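Each protein sequence line maps, in turn, to chains V and U.
In this text, residue positions in the first sequence follow our numbering: the first is 22, and each later residue adds one.
In this text, residue positions in the second sequence follow our numbering: the first is 22, and each later residue adds one.
Mixed in with the good hints, there may be bad ones.
Treat identical chains as interchangeable: a pair holds within one or across any two.
With a cut-off of at most 25 Å between alpha-carbon atoms, the simulated DSS-like pairs for lysine-lysine come out as follows [said to hold, decoys possible]:
(1) K156 / K346
(2) K327 / K246
(3) K102 / K318
The hints are simulated quantities; they were obtained by calculation from the structure and are not laboratory data.
Just so you know, these numbers come straight off a predicted model, no measurement behind them.
Number of protein chains: 2
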Amino acid sequence: MKNVAIGVDIGGTNTAIGVVDQEGNVMVKDNIATPGHGDIDRYITDLASAINELIKSVKLLNPDVEFLGIGIGAPNANYYKGTIEHTANLSFRGVVPFIDLLRKHFPDLEALALTNDANAAAIGEMIYGGAKGMKNFVMFTLGTGVGSGVVVNGDLVYGHDGFAGECGHTTLVPGGRLCGCGNRGHLEAYCSAPGMKRTAFELMVEYNATDSLLAGKSFNELDSKMIYEAAVQGDKIALEVFEKTGAWLGQGLANTVHHLSPEAIFLFGGPTASGDYIFNPIKKHMEEHLLSVFKNKIKILPSKLKPGDAAIVGASALVWKEMEK
Amino acid sequence: MKNVAIGVDIGGTNTAIGVVDQEGNVMVKDNIATPGHGDIDRYITDLASAINELIKSVKLLNPDVEFLGIGIGAPNANYYKGTIEHTANLSFRGVVPFIDLLRKHFPDLEALALTNDANAAAIGEMIYGGAKGMKNFVMFTLGTGVGSGVVVNGDLVYGHDGFAGECGHTTLVPGGRLCGCGNRGHLEAYCSAPGMKRTAFELMVEYNATDSLLAGKSFNELDSKMIYEAAVQGDKIALEVFEKTGAWLGQGLANTVHHLSPEAIFLFGGPTASGDYIFNPIKKHMEEHLLSVFKNKIKILPSKLKPGDAAIVGASALVWKEMEK
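Produce the complete structure using the sequences and hints provided.
Right, dumping it as structure tokens:
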């Protein structure tokens, strides 16, 4: 008998579904479009069909497999209520009782649970990744936005309302850059992939840097991978983007350390693929901001979740976490 | 049979000791000087004598009383290790194994525990004060410095190293005012009582405010109580001090909310005696910084611990918290 979990990652355009074993390997996967199903009931029905197809295909090859549950990662997901609330990116409006709706299709599964994508990534890191055995750590996911998941005493912190871990929306620069949320100066506006692009253009403007390797790209073309490649070639603008991003993120991570005294902070997502270019300035600037009781103690580590499958795998980890209870 | 706890608050000049009942009433109290005992062993011996005198005096009147333990609040205290580490204010140097030393004098007491003063205040609020029944809240103590204690799922967050809850040292203004810790722009440098005084002088400098009610006080004379009294009389500088302090603290509390999603944040200490003058701008500015999922949900409340006895009472609360385990 082999236990497995189903992970579902709901994005703005695509919903990815996978069957994941206890070691974090994706056995099979599939996906459906997130929008275009008409209404939420129809979306849930289509999602349930896709899940049932995957279950059938796995059982055909491994009749002994037991499916324990479904873990779902989605923006604005509320773990306590099992709802997805007021999300701008998704085609579901208002407060969607997601778990209640899905439960009707899977009355016999032990664990159905929902949380936001960054929380799911944190649980994934704890169950399958680099945070195995750690009781106090924080996960930052750097992508289009910046998400975070906080683990204290071995449990994810949901807080009173279920929405804890929005460290991407802490203020770094009072009155600074406009953030996607409408506020100003947030960590996400500086340290996300688009934030790095904004910094690159800010620096090209500042220095009138026509000789930068980045100067031939439009605002819509430039991405964090190009900045990394330019940095490798010694481009001064690109190198300063990493230095400044590290300074901002270092300041933000120090704030998190002063709240929580974590053993480690894990970083996940596109910008972290730049390795030392991003990790070194982050560590340097974080240390500068720390009280002496924290200095040289906090590990800043790359996530061990595989980039391609991380969202599915993270969501599936929710199931194992629920089974511990 | 009535159970009681002993609370000890270790400050730079004075160590206050009290016997506290389960409702948070101080039955008797005493104090000894913190410095001047020669060495740490002698200080502990003198502290133990003072505690034993209090125990004797209580037992004389109430032979049925049972002493459950001693809770200690001190700067740079490490709950996990029972140590006081590298504190600048106290006459003990290096890492002091405080609980081990005290245990020799009280081998039979069930609970001996140590934490920093702000953590003790948070536990006090939870056991005796306004946070009774709350599972997720944060306590900020505004005084000479700014301390904080974080409660998640009904337990104080100590973090990996035992030093969580140093929110006073989160950065509000990059490169801003010098903080007592040597870093710049920290919340403590703006929102402590001395921080408010610095703001008052900053504003008098800015406006050359010779007509302010505060303009006759020296830098060493002015305190947060005088600023409050001037605000009540309509002094523009004093009113703007509250507005600016509220703006800074609101920004800082929003960062805390985005980390932890608490039900409430409690404020304790001198500046909070100014009531609406300080609470209104804090609430207004915090709300401006919050993501919509948090708006109009987080209570900002004055502590219900009595100012005079709060430190002793908070420290004693550690004992009841330990007994829950």
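Quiz item: Can you name, in rising order, the numbers of the hints this structure does not satisfy?
Solution: Violated hints: none; all satisfied.
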